[in-house]
Amino acid sequence: MKRRYLLQAGLAIGGAQALALQSLWAAAASLPAKTQVIVIGGGYGGATAAKYVRMFSNYKINVVLIEPNTSFISCPMSNLVIGGSKNLTELTTSYDALSSKHGVTVVKDKVSAIDPQKKTVALQNGGSIGYDKLVLSPGVDMMFNSIEGLQAANTSGHILQAWKAGAETQALRKQLEAMPDGGVYALTVPEAPYRCPPGPYERASQVAHYFKQAKPKSKVLILDANPDITSKASLFKKFWSDNYKDIIEYRPNHKVTSVDTGMMSINFDVQEPVKAQVLNVLPSMRAGAIAVQTGLATANNRWCGINYQSFESVAAKDIHILGDAILAAPAMPKSAHMANSHAKVAAAAIVAQLSGLESNPAPYLTNTCYSYVSDKMVVHVASVHQYNAEEKTYKTVPGSGGLSSEANALEGTYAWNWAQNIWADSLL
Amino acid sequence: MHSRFHTVTLAGLLYGLLSFAAFAQDKTSESKALHARTDAAMCANCHGSEGRAVKGSAVPSIAGLPRDYMVQQMQAFKDGSRPATIMHQITKGLTEAQITSMADYFAALPR
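Top to bottom, those sequences are chains A and B.
According to my numbering, numbering within the first sequence proceeds without interruption in unit steps and concludes at 428.
According to my numbering, numbering within the second sequence proceeds without interruption in unit steps and concludes at 1111.
Bear in mind the hints are in silico, worked out from the structure with no lab data behind them.
Each hint should be verified, as a subset may be incorrect.
Cross-link-like lysine-lysine pairs, in silico, PhoX-like; alpha carbons within 20 Å at most [unchecked claim]: (1) B:LYS1027 <-> A:LYS60; (2) A:LYS245 <-> A:LYS376; (3) A:LYS255 <-> A:LYS217; (4) A:LYS395 <-> B:LYS1092; (5) B:LYS1055 <-> A:LYS101; (6) A:LYS245 <-> A:LYS219; (7) A:LYS317 <-> A:LYS392; (8) A:LYS86 <-> A:LYS212; (9) A:LYS60 <-> B:LYS1032.
Looking at chain B on its own, in the form it has when it is part of the complex (with noise of 0.2 Å):
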C-alpha cells in the first residue's frame, strides 16, 4: 500500500515537474519569438506591415522572400558589393543574428 502511494505520488510529482519545466519552455519559446517579431517589425517602417508594401511602392515588399536570398542580400549590401542608397548604412547596424532572424521571420509570411 505504502509504495504503491509513494509511487503514485512521484508519479503526479514527476508529472508537475514535466508540464512546469514544458510550461517554462513555452514562455522561453513564445518570449523569443515575441523579440524576434520586435526586430522584425523595424523593417516594417520603409517595406511595410508584416514586410508588404504598399501597392506601388518602389521600396519592396519582403514577406515571403526565401530566406537564404535575404540573408545573401541583406550581407551584400553590408559589405558593398550590392549598391543602395539607405540599406548598406542600415545593415552594416545589424549583427549576423538579428540578420538571419529577421530572414527567417519574413520567409514564413505569407507574400
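With the rest of the complex left out, here is chain A (with noise of 0.2 Å):
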C-alpha cells in the first residue's frame, strides 16, 4: 500500500524528483508496479542481458533484475578453489555497479509464480511487478532425486555437488583436504547435456593437481555415464597420462542409480559399487525450477524451447529464455560465455520490439571455453555459431573453431583474463 502511494506520489511530482524517490525506493528496496523489462537471475545470461538492455536502449529502458544472492560468485574458476589455487573472494563481484553505473534496480529476493497471461512476477517476500518483456536466466537445477539417497545425502552435507560456486564449493576442498593420504575422490558425471561439459574432467585435473603436491598416494576416480569424455577429451587423456598417471583413473559408461552415506558408496545400474573418501556425485540436470513449474521447459521437461534469432520461449510470448536452461542448438555448450553471448543477442531483440526495430536477420554467437588442467596450464575449445534463418537454428561453420593444440601456460594467462573481462562485460 506504501508503495503504490509512493509510486503515485513520485508520478505526480515527475521530473528530476521522482528520479531522487526512485533512488530512495530502490536503496529501500521496494518495488515498482510495474517496469518494462524485468530479469530474473544474476548470473552470466541475467546480469549480461539487464546490462545490455540498458546500454543497447541508451539507458531508455527501465530494468528490474530480481536475484536472492548478494553477489554474484563465478562457477568458471571455481574448480581452482577446490583445486586450491584460487578463493572464492576472487571470484565474486559484486552487483552493484548494475545499478549504480547502469541504472539496474537490483531486488534481492526470489520469484515465486510467473503469470505470463497477466506478465507478472511475484516475489518470495511478496508483493509482484508487471512487465512488458520478461527475461528467465534461472540456470540449472540439480535432479537430486534422479538418484536414491542423493537428496539427503546432499542436504546432511555428506555428498556434494559443488555445481553452483558457493558455500559447497569450499565444504568440498575442506573435505578434499581432511581426506588421509592414500584416500579415494570419487567424481561421477551424468549424461550429457549438463551445465559446463568440460567441467568435471577440469575438476577432476585440479583434484589430482592437489593430491600431486600434498597427498601423493590418493586416488582420483572418474565415474561417467557417458560413453567417453564429452569435452576436450583428447587434450585431457594427454595431459593425465603425462601428468596424473597414476592417480587419476578414468571410468566410462557408469550410471548411478544410488548412493549410501553409511558405506560412503555409489551404486550402478551395471557395475559394482565404488567406495571412495569423498564422493562429489553430479545428478542430471535440468532448467531451474522457475521455468518448469511456469510450463516453459518444453523439452522432455528439462530444458526450455525457444526461438533461436530473438530467444523468446516458444511457449509464452514476451518470455525470452537464456544460458544454461534453453534447449541448446545443436554444438552449443551450456557454457558461461554462451549465456554472456545469448543475452546480448535477445538484449538486442527486446530493444528491436520495444523501439519498434527490425530484427536482426543473421545474429551470430562465439563461445570459448577455458579448462585448467593444474594451476597455470589449460586447455581450450572455442566454436562460432550463425543464425541460419531457413533452418531458424544456429550453426558452427565449417572450418571454424576448435581446440588448443596441447596444455600450455600462455593459455592460463589468457583464461585468468578471459575471466576477468567476462565478469567485467556481464556485471560492470
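Hints are included, so try docking the two chains, each in its own frame, into the full complex.
Written out as C-alpha cells, the structure reads:
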C-alpha cells in the first residue's frame, strides 16, 4: 500500500524529484508496480541481459533484476578453489555497479511465480511486478531425486555437488583437505547435456593436481555415465597420462542409481559399487524450477524451447530465456560464455521489439571455454555459431572453432584474463 | 481558391510522406546500428565491455584501434599468417561483412 502511494506521489511530482524518489525506493528495496523489462536471475545470462538492455536502449528502457544472492560468484574458475590455487573471494563480483553505473534496479528476492497471461512476476517476500518483456535466466537445477538417497546425502553435507559455486565449493575443498593420504575421491558425471561439459574433467584435473602436491598416494576416480569424455577428450587424456598417470582413473558408462552415506559408496546400474572417502556426485540437470513450474521447459520437461533468433520462449510470448536452461542448438554447449552471448542477442531483440526497430536477420554467437588442467596449464575449445534463417537454428561454421594444440601456460594467462573481462562485461 | 487549397493539401501530403520516409529511414539505420553493435558485443567477453579490457589484461583492448588495422589483423588471423591461440579459430567463423562492421564499430569508440 505504502509503495503504491509513493509511486503515485513520484508520478505526480515528476521529473528530477521522481528520479530522486526512485533511487530512494531502490535503496529501500521496494518495488515498482510495473517496469518494462524484468530479468530473473543474475548469473552470466541474466546480469549481462540487464546491463545490455540498458546499454542497447541508450538507457531508456527500465530494467529490474531479481536475484536472491547478495553477490555474483563465478562457476568458471571455481574448480581452482577446489584445487587450492584460488579462493572464492577472487571469483566474487558485487551487483552494485549494475545499479550505480547502469541504472538497473536490483531486487534481492526470489520469484515465486510468473503469470505469462497477466505478464506479472510474484516475489517470495511479497508483492508483484508487471512487465512488457521478461528475461528468464534461471540456470540449472540438480535433479537430486533421480538418484536414490542423494537428496538426503546432499542436505546433510555428506555428498556434495559443488556445481553451483559458493558454500559447497568451499565445503568440497575442506573435505579434500581432511581426507587422509591414500584416500579416494570419486566424481560422477551425468549423461550429457549438463552444465559445463568439460567441467568435471577440469575438476578431476584440479583434485589430481592437489593430490600430486599434498597427498601423492591418493586417487581420483571418474565415473562417467557417458561413453567417453564429453569435451576436449584428447587434450585431457594426454595431460593426464603425462602428469597424473597414477592418480586419475577414468571409467566410462557408469550410471549412478543410488548412494549410501553409511558405507560412503555409490551404486551403478551394471557395475559393482564403488567406495570412496570423498564422494562428489553430479546428478542429471534441468532448467531452473521456475521455468519448469511455469510450463516453459517444453523439451522433455527439462529444457526450454526457444525461437533462436530472439530467444523468446516457444511456449509464452514476451518471455525470453537464456543460458543453461535452454534447449541448445546443435553443438552449442551450456557454458558461461554462451550465456553471455545469448544475453546480448536477446537484449538486442527486446530493445528492437520495444522500440519498433527491425529484428536482426542474422545474429551470431561465440563461445570460448578454458579448462585448467593444473594451477597454470590450460586447454581451450572455441566455436562460432551463425544463425541460419532457413533452418531457424544456429550452425557452427565449417572450418571454424577448435581446440588448443596442447595444454600450455600462455592460455593459463589468457584464461584468467577471459574471466576478468567477462565478469566486467556482465556486471561492471 | 480551389487550386490554392489543392496546393496546400498536396504540400501537406508531400511533407507527410517525406517525413514518414525519413522516419522509416531513421528506423532502418537505427536498426542496422543496433545489429552492428550486437555483433561487436560478441568480442567483449574476452576483449572487455565496449572493447576496453580490464587493467593488466594480456588480452588487448580493441576500442579505438584504426579500422583498417583491425580488418587486416582479423584477415591475417583468418588466413593463418598471424599465429594465434584462439583468434584464427574465431575469425574463420566470421563473414567479411561482420569483420568490417566490427572494425567500424570499435574504431569509432574512444580508447
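Outcome of the hint check:
no., hint, in the structure
1, B:LYS1027 <-> A:LYS60, "holds, 16 Å"
2, A:LYS245 <-> A:LYS376, "holds, 18 Å"
3, A:LYS255 <-> A:LYS217, "violated, 27 Å"
4, A:LYS395 <-> B:LYS1092, "holds, 14 Å"
5, B:LYS1055 <-> A:LYS101, "holds, 18 Å"
6, A:LYS245 <-> A:LYS219, "holds, 10 Å"
7, A:LYS317 <-> A:LYS392, "holds, 18 Å"
8, A:LYS86 <-> A:LYS212, "holds, 17 Å"
9, A:LYS60 <-> B:LYS1032, "holds, 18 Å"
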